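S.K.: Read off the chains here:
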Amino acid sequence: MIKISQLEKIYRTEEVETVALNKLSLEVKEGEFVAIMGPSGCGKSTLLNILGLLDDPDAGSFVFNGIEVAGFNERKRADLRKRNIGFVFQSFNLIDELTVYENVELPLIYTGVKPAERKKIVEDVLDKMVIMHRRNHYPQQLSGGQQQRVAVARAVVNNPKLILADEPTGNLDSSNGNEVMQLLTDLNEQGTTIIMVTHSEHDARYSHRIIRMLDGQTVMENIMV
Amino acid sequence: MIKNYFTIAFRNIRRYGTHSLLNITGLAIALAACLVIFLVLQHERSYDQYHANASRVFQIVKKEVKDGNEEFYSGVAFPARKALSNDFPQVQFTQFFVSNGSQITVLDQENKITNQKFIEETGVFFSEPNFTDFFDLIWIAGQPEILNQPGMVAISRSKAEKYFGSVERAMGKSILFDNQIRLQVAGIFNDPPTNTDFNFQIVPSYQTFLSNSGVWGFEDAIDGWGLSTSNHQVYALIPERTTADQINSQMGTFVKKYYRPEAASKTFHSLHPLKEIHFDTRFGNNGTHVTSKASLNTLLLIGVLILLMACINFVNLSTALAAKRSKEIGIRKVIGGTRSQLRAQLITETFLLVLFSSVIALLLSWIALPYLKYITDIQEKLKLLNPGSFLFLFSVILITSVLSGFYPAFVLSNFKPIAAIKNKINTSTYAGLSLRRILVVLQFSFSQLLVIATIIAISQMSFIRNADLGFSKDATLLLTGSSDSVTIARQTGFRAELKKIPEVQQVSFSFDAPSSDNNWTSNFAFDHKTEDQPFDAHIKMADEAYAETFGLKLLAGTFYSDADSVQKVVINETMSQKLGMKNPQEAIGKTMKLGLQDWLPIVGVVKDFKNNSLRETVKPTIILRTRNRASTYMSQTNIKLKTSNPGKVLGKIEQLWNTHYPEYAFSASFLDESINDFYQQEERLSRLYKVFAILAIIISSLGLYGLISFMAIQKTKEVGIRKVLGASVSNIVLLFSKEFTILILVAFALAAPVAWYLMNAWLQNFVFKITIGWWIFAIAILTSILIAWATVGYKAIRAALANPVTSLKTE
Chain A
3 MIKISQLEKI YRTEEVETVA LNKLSLEVKE GEFVAIMGPS GCGKSTLLNI LGLLDDPDAG
63 SFVFNGIEVA GFNERKRADL RKRNIGFVFQ SFNLIDELTV YENVELPLIY TGVKPAERKK
123 IVEDVLDKMV IMHRRNHYPQ QLSGGQQQRV AVARAVVNNP KLILADEPTG NLDSSNGNEV
183 MQLLTDLNEQ GTTIIMVTHS EHDARYSHRI IRMLDGQTVM ENIMV
Chain B
90 MIKNYFTIAF RNIRRYGTHS LLNITGLAIA LAACLVIFLV LQHERSYDQY HANASRVFQI
150 VKKEVKDGNE EFYSGVAFPA RKALSNDFPQ VQFTQFFVSN GSQITVLDQE NKITNQKFIE
210 ETGVFFSEPN FTDFFDLIWI AGQPEILNQP GMVAISRSKA EKYFGSVERA MGKSILFDNQ
270 IRLQVAGIFN DPPTNTDFNF QIVPSYQTFL SNSGVWGFED AIDGWGLSTS NHQVYALIPE
330 RTTADQINSQ MGTFVKKYYR PEAASKTFHS LHPLKEIHFD TRFGNNGTHV TSKASLNTLL
390 LIGVLILLMA CINFVNLSTA LAAKRSKEIG IRKVIGGTRS QLRAQLITET FLLVLFSSVI
450 ALLLSWIALP YLKYITDIQE KLKLLNPGSF LFLFSVILIT SVLSGFYPAF VLSNFKPIAA
510 IKNKINTSTY AGLSLRRILV VLQFSFSQLL VIATIIAISQ MSFIRNADLG FSKDATLLLT
570 GSSDSVTIAR QTGFRAELKK IPEVQQVSFS FDAPSSDNNW TSNFAFDHKT EDQPFDAHIK
630 MADEAYAETF GLKLLAGTFY SDADSVQKVV INETMSQKLG MKNPQEAIGK TMKLGLQDWL
690 PIVGVVKDFK NNSLRETVKP TIILRTRNRA STYMSQTNIK LKTSNPGKVL GKIEQLWNTH
750 YPEYAFSASF LDESINDFYQ QEERLSRLYK VFAILAIIIS SLGLYGLISF MAIQKTKEVG
810 IRKVLGASVS NIVLLFSKEF TILILVAFAL AAPVAWYLMN AWLQNFVFKI TIGWWIFAIA
870 ILTSILIAWA TVGYKAIRAA LANPVTSLKT E
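From first to last, the protein sequence lines stand for chains A and B.
Heads up, the numbering used here is the position in the first sequence plus 2, with the first residue counted as 1.
Heads up, the numbering used here is the position in the second sequence plus 89, with the first residue counted as 1.
Bound conformation, chain A alone (with noise of 0.2 Å):
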């Protein structure tokens, strides 16, 4: 699903010049429950972004379901990422405006569902979350559990194939945490690929394969029993 290779990431200011992904070479394959980890400014947040096309790669190749998309424009970046990928943060970034509903809502407004479907699909989204009986709420009328439970219903609610998830339980306490990570373990065996970054050993645990970072480049790979 995912091939990248020879990627290069640099981020230069006046001064200095930070390389941020070095010659990085990766493949992901659908179906799989990747976890990337690595210590502070190792590159992975940067790998992320690239992956969820929020950024683009100064140099390499990358094929997103056989297509290369290392030269997208943003408007075209914006419409494979709206149809296929899903987000997960670690501060959750629900917009405070919206309601429960409205935010999960949101991305099927973009990508032009017609309202009384998109009604169907949020409630469904929403019920199989438990979050339904909140879905008038804002997200400052939630615990940090449920505001999560919320972000990832919004991140699969257009039944994207891929989920990036940057550390998603690292705002949340431990049994949250795991619920959070149930789910998206649930969601990885119906079928959905993730790609997961996390400094939790414990939440890395969960996924099928281990990638290691240091410098910008992947250092090891560990694939899970």
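Just so you know, the hints here were simulated from the structure itself, not pulled from any lab data.
The reader is advised that the hints may include incorrect statements.
Quick list of in silico lysine to aspartate or glutamate cross-link-like pairs, DMTMM-like style, CA-CA up to 20 Å [claimed, not checked]: (1) B/Lys505 / A/Asp58; (2) B/Lys92 / A/Asp98; (3) B/Lys696 / B/Asp625; (4) B/Lys511 / A/Asp57; (5) B/Lys416 / A/Glu99; (6) B/Lys364 / B/Glu133.
Pairwise CB distance ranges (calculated) [unchecked claim]: (7) B/Leu444 / A/Gly33: 46 to 54 Å; (8) A/Ser93 / B/Asn892: 20 to 28 Å; (9) A/Gln219 / B/Gln803: 36 to 44 Å; (10) A/Pro41 / B/Ile449: 54 to 62 Å; (11) B/Leu385 / A/Ser93: 52 to 60 Å; (12) A/Glu16 / B/Asn892: 30 to 38 Å; (13) A/Gln192 / B/Arg103: 38 to 46 Å; (14) B/Val818 / A/Ser93: 32 to 40 Å; (15) A/Ser93 / B/Ile783: 24 to 32 Å.
Derived list of chain B stretches under chain A, where covered just means 3 residues or more per stretch with a C-beta under 8 Å from a C-beta of chain A [to be verified]: (16) 98-112; (17) 424-434.
Predicted model only: the values in this text are computed from it and were never measured.
Note that beta-carbon positions come from the ideal geometry of N, C-alpha and C, so glycine has one too.
Assemble the complex: chain A is given as a structure, and chain B must be docked to it using the hints.
M.R.: Relative to the frame of chain A, chain B by itself:
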């Protein structure tokens, strides 16, 4: 999608309450100002455009070139109408004799005088029946043909109701015009709309004027080409597919045919479009005011500037807010929102804010409209809601939404999603900062421009009010009298009685006061020369008490006296100089001859006084008494009072008037007030400037307040660190104020020369004017800085007083 945009827009407006409030207030004020300005422009531009034949109607106007100067006249000689019809048979002509300040007395069934006496300042047009082909008028009784006969009059519905109670009762009744001409009401028409300079109220037949021209002293002028008065006007209705230029090109031949050769060489006639009459200050009109296109354009410019300022506020506040909203924008992008979708959302928000502001603006305009008469020439109430104003408001809402919504939408939608989510965007990392500086500078330039203009206009007006006119204008009462011989014959008795009132110091009779809007001129010869002087003399008809009543100062000789057996004249200083006299004394004993009169000796020279408004130069003037004591030219009674509280005496004077002139309505005015009336337009203009300067200051202060609020949030960390390092409160406040002070100084450097240029041009309207002093600019810059400091101060001090521990925790 749209519903979602609206939901979000509403919630964002609520969430960023202060921001929304500042935006809405600023926009509402600006939109209200624009709407009111639009209504004024709409009204002014609609003057006399409604007549069915408006584009084919022209006034015959006259230009004379004398002494190198062009003089413009709206009146033409009495025989012109007939001559024009002869020479231009394809064109239809009509003529009016317009009478101002006429007295109408209502007569009863037996045609006896009743107590109902009215002074009709305007609206009396002696007309020919065909005038309704030129000017639209709806007749509700009778028809225009009644104006073929002398002694017939058509009146408006409102006059019919005022004089007789109803339209039905008015028909067939009679009124007495100026106590001399009996008129029978044979036609009634609906009152013309307010947007006309031809406010027909009382329309006697032109035949009536012809058979009574002596009442106005025109009996000798009816057949001559030498005299024209703005009271006699001729209009042309040209055929379709004929242009005014075609007629104008033949006017030269026309003038040569009828005028004396020496007059023909300097006289020019032309067609002046009806649609331009309201806007041409050269000619004047029969209405309440002339509005120059330039002053309409000034108003338009002010409206546009005010709206721009509000848009600038909007852009400033919205881009400043962008930092706060970056997370939302980032998330929307991550989950698939495209740039165009985000732009649509942000513009929807702007649109909603503008829409909301315009509702408030409608309310504000509704409140403001009744006060319009204090700052404009429009005295009637304008309709707020009309198709034009709706269309205007709709377009302004759209334009404003695009102007103020586009840039912030563009900036925000271009945020990089990841940086946006992580709040790594602050207002200085995108181009907004320097742009906002430019916008603040522009805004302050506008408001300082208006402030400087206002100060200059106000000081010029106060200069005018306190200017030395060369005569005393205080405590002087002017009574308008009739001009018939019976009235004049009673003057001596009236004066004797008046002088018995202890508060009355002096009484004189004259044509007008030393300063008036009268512009009576005559050609004249000097010192037994056969040739006329190259310039005209300004004529003042007055009796021997005139100089004393108005405190005119003699420089040489004496004023003529009651005992004089022959007619004598007094001239002013300017006349003496223009005649080449080395000093006033030299003029004494010389003679002058006005028109076809006798040679008259100059007995005195008075110090110059201002003949007209201070817009005009002092004119070479001759003061003289008419040959016969009983003269129609001396119908005004001037009463100099000793008291500072003239209100008390007014009653006594009115009583005396009523016993001496029972058949005449009492009409009195104070000289100082009528002099102030000369400057009504300028007074209103200066009030207008004042209002808009205040609005501009409010709008720019709102913007400044918004900006400083965001700056305070942005600089929270910086302020914390500085305080930890030992900065005092005043250091911090200075940190905030410094930048804005510099921006205001830059704005001032831009505004000051422009303001100087524009206002200097405005001052050129006045012959007597202030010089624009440096202090005017000093006041402008100081006020701006003080207002900016006051605006910035509160937020700056609050930021400075904040506990550094909490400030630093925000990171």
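S.K.: Of the numbered hints stated previously, which ones are contradicted by the structure, given in increasing order?
M.R.: 15
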